[in-house]
Amino acid sequence: MDSNRLYQIFAASFEPDPNVRIAAELELKKLEPVQGLLPTLLQLVSPGHQPTGASSPVVRLAAAIYLKNRIRSSWRAPPSSASQDPSAAFLNSTRPASTPYVPIPPADRQTLKSNLLPLYAALSSGSESTEDDATNRKVKDQIGEALAKVVECDFPADWPGLVDEIRALLAADGQGHVEAGLRASAEVFNAMRYAARDETGEILSSLSTHLLPLLLPLANQILASTPTTPQALTTQGTLLRLILKSYKNSIIHTLTPAHQANEAIVPWGTLLLSVVAHPIPIELLGSDADPELREKHPWARSKKWACWALNRLFSRYGCPATLPKNLAEEYGPFAERFIGQFAPEILKAYLGQVEKMVGGAWFPSKGKYHILCFFEDCIGPKTMYAQLKPHIPTLTEHFIFPLVCLSEDEIGMFNEDPAEYARQFFGDFIADSYASPTATALAFLSTLVETRAKTSLLPLLQFIQSVVDKYPAQTTPRQKDGALRMLGALSRTAVKSKKLAPMLESFFGQYIVPEFKSPHGFLRSRACDLVEKYESADMTWSDQNALENTLNCLMNCITDADLPVRIQAAIALPELVRYERIRERMLPNLGRILQELLKLSSEVDLDALTNTTRSMVAEFSEEVVPFALELSQSLSESYRRLLQETLEAREKDPAGAEASYDDEKTLVMMNVLKTIEQLVSSAKEKKELVAEMEKGILPLIEATIRNQVVELFDETYEILDSLSFFQQSVLQPMWGCFEATYGLLKSGTQDYIHEMFGFLDNCVNYGADVLSTNTEYRRCVIEVFEMCMTSRMLGAEDRVIACKLAEALLLRLRGQVDEAIPVVVERCMSFVLSKGDDEDFTVTTTLFLHSLELVILAIAYNAQLTIAILDRHDWTQQFFAQWCKSLKKYTRVHDKKIILWAICSLFEWLSGAGAGSPLSGNVGQLVGGALEVFKTYPRALAERKVAHENRDLEEDDFDDDDMSDDDDLELEEEDVEDETDVRPGGTDYLAELAAAEARRADRLGAFDDGDSGWSDEILWASPLDEFDSYQRFSALLATLQTQNPTLYQSSLSSLDAEQQTVLADVATKASEGGDAVVAAKAFAAMQAEDDAPPS
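The UniProt record's numbering puts the first residue of the sequence shown at 1, with every later residue one more than the last.
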């Protein structure tokens, strides 16, 4: 390919004339699949190889970006829809790709791999002072990303010689070759950072043995150099960062024997500690440099990765107290050695750095984060805590306390840009605790007092007291705020202390409540914050007047002049609702409170605010009904704005390359929808009000569905479920949502059938009048069933949902939906008779029973049509064999009624149009099956009645607190806790999950209903409720006796004595009143049995 032609194409793409630009882009598009394009691009971006005398840095960079994007989009072929993960397939089908896949010719792939590293080395060489060298740096970044993609895809299988190429580069002369080797090494280890890439561990073990040892002497050599210019310092940091990142990625999931060996862990550990302690010449960083630019400096990243690696060695592999049981055998000896010899050295190095930071030395924020994480990890192991403990007072006063005080910039933001302050301090996704050590410092304090309360809580409180006592004479407002912020971190432990808890109320009255009237807005906000934290930890108040005064202060702060104060007060308010007296005081002001909350939500999009609104609506569910319509309209308007902003952002960035879907905004939208659903639930007794609310909500819900805002589907369909269920009807506007849902399912989003089911089920149950006359809607429901039963993207649970939907259709539209029977029978029988040889169509017990029951229901619906379909496929005998074998597995009243109804329908058919059918010879077995059902029918009726009686009492109340009321702290007791290891709660996560699941199974054991896999849905109204099994079956036999004596005689002739007794009992119960009377008697007998004294 002609490099001059390609150069001109890229140059033309920058022409001001849009026609010239479009023509160049189209020509470049045509060249994409042509062999030779990638090698020519390499020539174009190489330094000193431009095809024209006057080279353009812009063209070089554009070519480099194009090369990177070409490789990232097409180096690896996308998985086929049949083989890829279902969720990935869905995402690929619904999200437009920024660059389509165009295969790269094999010859180009090989040429590229042969030239990428030499090109990177050439770009890394030079004085870095000319304009060309500046361009080289930018081009190098793009080539580095391209290299990363190729290594990720091809190493080791398709690039087996890469390690040898790296070794050659590392041994060569010149910084460029070394940097290229280090960059490739970093990408190799980056590609192996997931355990799934190396299931046997052989690749990582080989790399750790043959490649890592080459990096260590280079790192020491680089670290020993003394940079004299800013650029030299940057180069030194860059090379170190690449080496440390390689080591960091090599220890993420496995510590190979090569890592654990003394000859490796000692020099690597020494290097890591040296990097942490290495002083950075501040004059080369720039004394007035932008703090954000400093954090991005290669040396800042080198220190970050050194700290990360040291922490990883300790927390995952080197601490016996926190080593999970499944890793103890593999790493136990190493952990004993590490905690005895190396961990103390890490602690000493970190404490040394803290001392320097206190003295004014600069250290990157992420490095501070890792240091604090290590201190937190040292709290549990007794040997490490013994070494950390003497330093805690100094750490608290001189390191942690300054970190938790607001900076001058933050106070300036509070006053000048309160909306941004709110987003950073109250947003769930905006604030980056990883970038800021402040949250980690507070977490350290919280862990310290929860784990070592008896030795740490009182000293911390005394320090806080000393700070606030000096306010305002010797303590600044910033410092008091910092002390109170520390107090907030101690809340969960402080309220559990028998000695301290009674003092908290007086502390609040003396030091916190006065700050509600502070001239400093951030102190007013902190006072609200402390009320929220301590009330959420169940602080007790002995003086009700003090409690009411606190409420009054909070109410005043809701209308404060400063936005962050109003937000914090609103967040704190729901915590006081647990007091009945406070609740009564709030009631007259409930409307004003909710209006202020909605007003706040319109000022700034925060999940914390919408969550507060939802909490208040849930807490005052009955009292909120009078203004539910107004609230729902305000919430709908907020949602309309947020949805429009989301859709506009998605349109600007359809591939999501710039994370255009704001996570905080998504959470806000979720909570707005949840609040609307809560309002609908509150007004459920007033159908007219619900109908009015529906008018404003449905257009937004339909827009959400049609625009596939899948993040909100859970809440969206919950609202639709509630609206249709509480009104017991599906009005015409809601059918628009049904159409949108059907279109969504047809487009390949069956993944969301779980979220959609409640609404779709209501459309069938409460929209049966519409379905009976609208053949198109009936066809849609049937197609949804068929899609779910045949899609390889779905599993057994999804198919069970489809069976339930089809069941509702047959029950509600008996005689009106004959077109569904063939689809239902054929799809369900494929699972009833499945041999389990297709892993995409796994048949669980529950799916098998639901599928079989749906065919049984089809017989009840239309026996003649169903038997004809079974006969046509030669399935009849197999179906009845499975039915008889599974009778005892159907334990619900609902199931038993379907079975008895189907048996009655079969007899009616055999007595009429089906006379002469081969089934006539087996009618005795049908009666026997019915009698088998009747044996356990009274018990099932009684158990359902018990469920009805107890449905409001079935919620289990589990205390999730780490410390129960019986675990109050006795701080004055003799301290023995420092002599023991404290094992973190999540250390043996998988074992704890298994134990929790076992406990859950034990709790649910009392509600187990045998092998059925489900229980009666007591809130579910069904046409079967009108089916009286006793009376219907007895009437059937009476009719047969008079109208078809031969069939009657054949049915009963083979009954044994026990079956005849059951039959007589059925007749008796039918004459006494049928199901209702039997249920009442069986329930009374069950109650008497439960009340009887044990024998």
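None of these hints come from the bench; they were simulated from the model. Check each hint, because a few of them may be wrong.
Label pairs and their computed distance ranges (CB to CB) [as the list claims (entries may be wrong)]:
{"#": "1", "residue 1": "Pro78", "residue 2": "Glu819", "range": "18 to 26 Å"}
{"#": "2", "residue 1": "Glu711", "residue 2": "Ala1088", "range": "21 to 29 Å"}
{"#": "3", "residue 1": "Gly924", "residue 2": "Asp714", "range": "47 to 55 Å"}
{"#": "4", "residue 1": "Ala1035", "residue 2": "Glu1058", "range": "50 to 58 Å"}
{"#": "5", "residue 1": "His253", "residue 2": "Arg76", "range": "52 to 60 Å"}
{"#": "6", "residue 1": "Gly924", "residue 2": "Ala1035", "range": "16 to 24 Å"}
Ideal Cβ placement from N, Cα and C applies to all residues, glycine included.
Going through the hints against the structure:
One distance hint, 18 to 26 Å for the beta-carbon pair Pro78 and Glu819, is violated here, with the actual separation near 38 Å. Under the hint 21 to 29 Å, the C-beta atoms of Glu711 and Ala1088, about 53 Å apart, miss the expected range. Range check, Gly924 to Asp714: about 51 Å between beta-carbon atoms, so the 47 to 55 Å window is met. Distance hint check: the CB atoms of Ala1035 and Glu1058 are about 23 Å apart, inconsistent with the given range 50 to 58 Å.
Checked against the given bound of 52 to 60 Å, the beta carbons of His253 and Arg76, roughly 23 Å apart, lie outside it. Look at Gly924 against Ala1035: about 20 Å separates their beta carbons, and that is inside 16 to 24 Å.
Violated hints for the displayed structure, listed by number in ascending order: 1, 2, 4, 5.
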